[in-house]
Structures are given as C-alpha cells and as structure tokens.
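**Q** Turn these sequences into a full structure, and let the hints guide you.
Each chain is listed here by its residues.
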Amino acid sequence: MVKFDIQNLNAWFGSKHVLKNINMKIEENTVTAIIGPSGCGKTTLLRCLNRMHELIPGARVSGKVIFNGVNIYDNSVDPVMVRRKIGMVFQKPNPFPMMSIYDNVAVGLKLNGIRDKRVLDAAVKRSLELANLWDEVKDELNKSGASLSGGQQQRLCIARALAVEPEVLLMDEPCSALDPISTAKIEELIRKLAKDYTIIIVTHNVQQAARVSDFTAFLYLGELIEYGPTRQIFENPQNELTERYLTGKFG
Amino acid sequence: MSRIIDSSLEGLLSTLNKMGGMAYNAVSKALLECLDGREAYNEIREISDHLLTMTDYVEDRTFELIVRYQPVASDLRRIKSYMKIAYDLARFGRYALDISFTNKKLERLKNCEEWIKIYIKEMGEKVLDMIKLSIEALKNSDAQLARNISEKENEVDKMHLEFLDKLIKSETTTRCAISSILIIRYLERIADHAAYICESIIYIATGQKEVLR
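Chains as they are written, first to last, in our numbering: chain B, 2 to 252; chain D, 14 to 226.
In short, the hints are calculated from the structure, not lab data. Note that the structure is a prediction, hence the values are computed from the model and not measured. Check the hints yourself; a few may be wrong.
Claimed, not checked - Pairs of lysine-lysine residues, derived as BS3-like cross-links and limited to a Cα-Cα distance of at most 30 Å, are as follows: (1) B:K250 x D:K31; (2) B:K144 x B:K111; (3) B:K250 x D:K97; (4) B:K93 x B:K26; (5) D:K222 x B:K26; (6) D:K123 x D:K97.
Unchecked claim - Sample of chain B residues facing chain D (criterion: CB under 7 Å; computed from the structure): (7) H205; (8) Q208; (9) Y228; (10) G229; (11) N237; (12) P238; (13) E241; (14) L247.
What the hints assert, rightly or not - So, partial list: chain B residues that the calculated Cβ filter (under 10 Å) puts toward chain D: (15) L190; (16) A211; (17) I234.
A virtual CB, placed ideally from N, CA and C, is assigned to each residue, including glycine.
**A** Below, the structure is given as structure tokens:
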C-alpha cells in the first residue's frame, strides 16, 4: 500500500529553490533511504513529509504530500496531528536533559493529556522494548536521559518518537554521531521496526543506505535523479549521476 | 578525478590481461601439439598451474577491495566479474592441459584420418580467435565487441555436433575416436568460457545479464 504519494513537491528557503518538482511514492512498511551530496535537499525533503519545513522562517512549500490518502498540506489538516503520526528522529540524540529516562519517553503522551500511571507505564515499557533499550535501562528509569551513552540516547529518542504511536518514522542521519556498535544497533532496530512502521532515513553513509533500506532515492541539486529498489540502485544504477555519486566520481 | 580504488582495479585488469596472454599461449601450444606433434606437456602444465595461482591472487585482491572500499555500482560489477573472468582464464589453461594429456596418452592424432585433423585444426583456430576476442573486449570493457562472440560460439557448437555425427558414421580406430572426441569437447568448453568472459564484460559495461551462448 502506498503510504506517501509525493506530487510535484517544491520547497524554498526564501528565494532559494531547494526542492524541485519531486514525485515519488513510498510504500507502507518499507525503509526508504534518501542519499545525495550535502545541500542536495535530503533533509528538506524529509522535513516536508511532516510539515516541519514550514517552521523555518521564510520557508515555503508547494505541491502535495498525500499521506494515507490525505494531502497533509490541505488547509483543514492540523500540522500537530501530522507530526504525531509522522515522528522524527534527529541527527544528534536530543533527549530532554533534565528529564528522567521514563519522562523522556512519556512526555509526548503526557502532552496529549494522558495521566493514567498504568497507561503511561505500559507505553514506556512497550516503547523502550521496541527501541531495544528496555533491558539496558529497566532498573534505572528515574536516571537522567543524559546519563546514557550516545547510542542509548538515540534509542531513547526513538522510543520517545514511538511512544505516541506514529505510523511513520523520519530519521535524519540518526547514526552520524554514533560509533560502529551503536550504529549497528540502530540499523538492526530500523529493520525490526520496518515490520510495523514506514521508515524514511536520510543518510550520508551510502553503505548504511545499502544495508538498511528497501528503496533508495538519490537527490542532486534539489532534484530526484533516481529512485528504485536498493539492490538495483547499488548494483546497476540507471542514471550516470547516481553511478558517479555512488562510486565517488564526483568532483 | 582519480580514486584510490582505481589503481587497484587497473592492477587487477593488468593481471587478467597477463593471464589472457598465458591462456592463449597454452591453448596454442596444445593445438600445435595435436597437429604438429611438438611435445609441450610440461610447459603447458607450468602455465596452467601458474594460471591457477593467479586466479587465487585475483580472488584475494577482489576480497581486499570489497573489504577496503565497499564498492557499489559499476565498481562492484567489475570486481565480481574480474573474479569470474580469472576463473574462466584458468579454465582455458586447464583445458589446454587436458588436450595435452590426451595427446600424451593417445599418441596425438598421428594415425588419424585427415578429416579429423582438419576439423580439429579449424575448430582450434576458431577457438583461439574467440579467446583473442574475449581478451580484447576485456581490455576496454567493450560490450559491443564482446557481443560478436555469440556468432562464433554458435559456429563452434555447430562444428562440435557435426563432428560427432561424422565420427559415428566413420570407421576410425578407437584410439582416434577417443582422442578426437575429447579434444573437440575440450575446445567446445574453451569456447563456452570465452563466451562467459564476454557475458561478464557486458555485465560490467551495462549491468545487463545477456546470454551469448
């Protein structure tokens, strides 16, 4: 089933046209990697998928992002609801430093008015388990989120995003600040989560895209150059630019 | 822009070219042995052994390149194909040795009828031509040139079958029948491996898996 149908999507920062007429369909319960050189529009594309791009002063968007059959840019759509269904994990782990591990996960639910301790306990446990972190932190849920290692903090952020039961996870270079072991854990987690969630990951590490994704999109200068099954993109790209980027022949 | 991986890929290609020259030489010597009676078994054995060692070297180097550079796209296709091509070239050497062994064991084609010798000579020339073509196409990853092997391969196959039909009807000696059947069969297998090499070259150049046999 198509989760996202992106139609003629354009994005600007002021007068700078950073995404040019993007058209792509993203299937449910798949991992899609977005790759491309710095400044090509990867993160902007990701942020357009849950209406975060418009939070930047001077930024604007045109075109459609049809999510579950509804254009998220319709006037009738509440961007807060969009962001609840389409969660985001950022490059640098950003747990709330003054909050405990427990509260870091529960914060989204509390903001949504859930106060029942049993409901919160169950959601925190479920989210931490999903994020493969429960066994490591179950005895110290009251410790500060900032006391965890970088890799654990990133999984805590993933648990926080999962707690509000999104359908999609957007990940913006989630492993760029992590060591290989923590990276492997996050990649393993991405594959596990793909069974129930649709995941879109921006990465500079093309090998990571090859390892974790089902589909890969290559962006260059704001344009979608090639999009297809990851195996095809990495074994036999159809576009010369993709080939040149993947084999490091740019320059 | 030159990349770190490029010099290693060039090094591998140069090894394959060298192997191609050696393999051609081995098959030529084996054919001369059949027809002119010039004994070359030990020489061919040495070449064949050397080709096997070089195949191991190519395999080790390709693994190293995978570990070091995690190649993708045309680099990955090239590395995978180089490994296969090294094996194909080693097979040329091995079949040359098999021909030479048949010559040694069955006194070459000394007392065989002229038509048998002519068949082997003509098929041998075609096969040598195919080896040459595959090595030439490899040098420049020339898919167009590589595709030319298909017609030649068909001709060799046809000759192989024609030869068998003719041999069944002939009254040649057992010794001649066995040695010629084996030699013709080895030549036909060499032609197959030349076609495999050309298929790999097309895969490197285009990413498409074409069958040329």
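**Q** State for each hint whether it applies.
**A** Each hint, compared with the structure:
Under the criterion of a C-alpha separation no larger than 30 Å, the hint pairing K250 (chain B) with K31 (chain D) is consistent with the structure, at around 28 Å. For a cut-off of 30 Å, the pair hint linking K144 (chain B) to K111 (chain B) stands: about 19 Å separates their Cα positions. Distance hint between K250 (chain B) and K97 (chain D) is fulfilled; the C-alpha atoms sit about 25 Å from each other, no more than 30 Å. Restraint check for K93 (chain B) and K26 (chain B): the C-alpha separation of about 28 Å stays at or below 30 Å, so the hint holds.
About 28 Å separates the Cα atoms of K222 (chain D) and K26 (chain B), which keeps this hinted pair within 30 Å; it holds. As the CA atoms of K123 (chain D) and K97 (chain D) are separated by approximately 37 Å, the hinted pair breaks the 30 Å bound. Interface hint at H205 (chain B): violated, since its Cβ lies 14 Å from the closest Cβ of chain D, which is beyond the 7 Å cut-off. Annotation: interface hint on Q208 (chain B) holds; nearest CB of chain D at approximately 5 Å, less than 7 Å.
Because the closest C-beta pair between Y228 (chain B) and chain D is about 15 Å apart, greater than 7 Å, the hint is violated. A least Cβ separation of about 12 Å between G229 (chain B) and chain D goes past the 7 Å threshold, and the interface hint is therefore violated. Because the closest C-beta pair between N237 (chain B) and chain D is about 3 Å apart, less than 7 Å, the hint holds. For P238 (chain B), the suggested interface contact is upheld, since its CB lies about 5 Å from the closest CB of chain D, less than 7 Å.
The interface hint given for E241 (chain B) is broken, as the beta carbon of that residue sits about 10 Å from the closest beta carbon of chain D, more than 7 Å. Using the Cβ-Cβ criterion of 7 Å, the hint placing L247 (chain B) at the interface with chain D is satisfied: the shortest such distance is roughly 5 Å. About 22 Å separates the beta-carbon of L190 (chain B) from the nearest beta-carbon of chain D, more than 10 Å, and the hint is not met. A cut of 10 Å between beta carbons decides the hint on A211 (chain B): the least distance to chain D is about 7 Å, and the hint holds.
With its C-beta approaching chain D no nearer than about 8 Å, I234 (chain B) sits inside the 10 Å limit, and its interface hint holds.
This entry does not satisfy hints 6, 7, 9, 10, 13, 15, going by the numbered hints stated previously.
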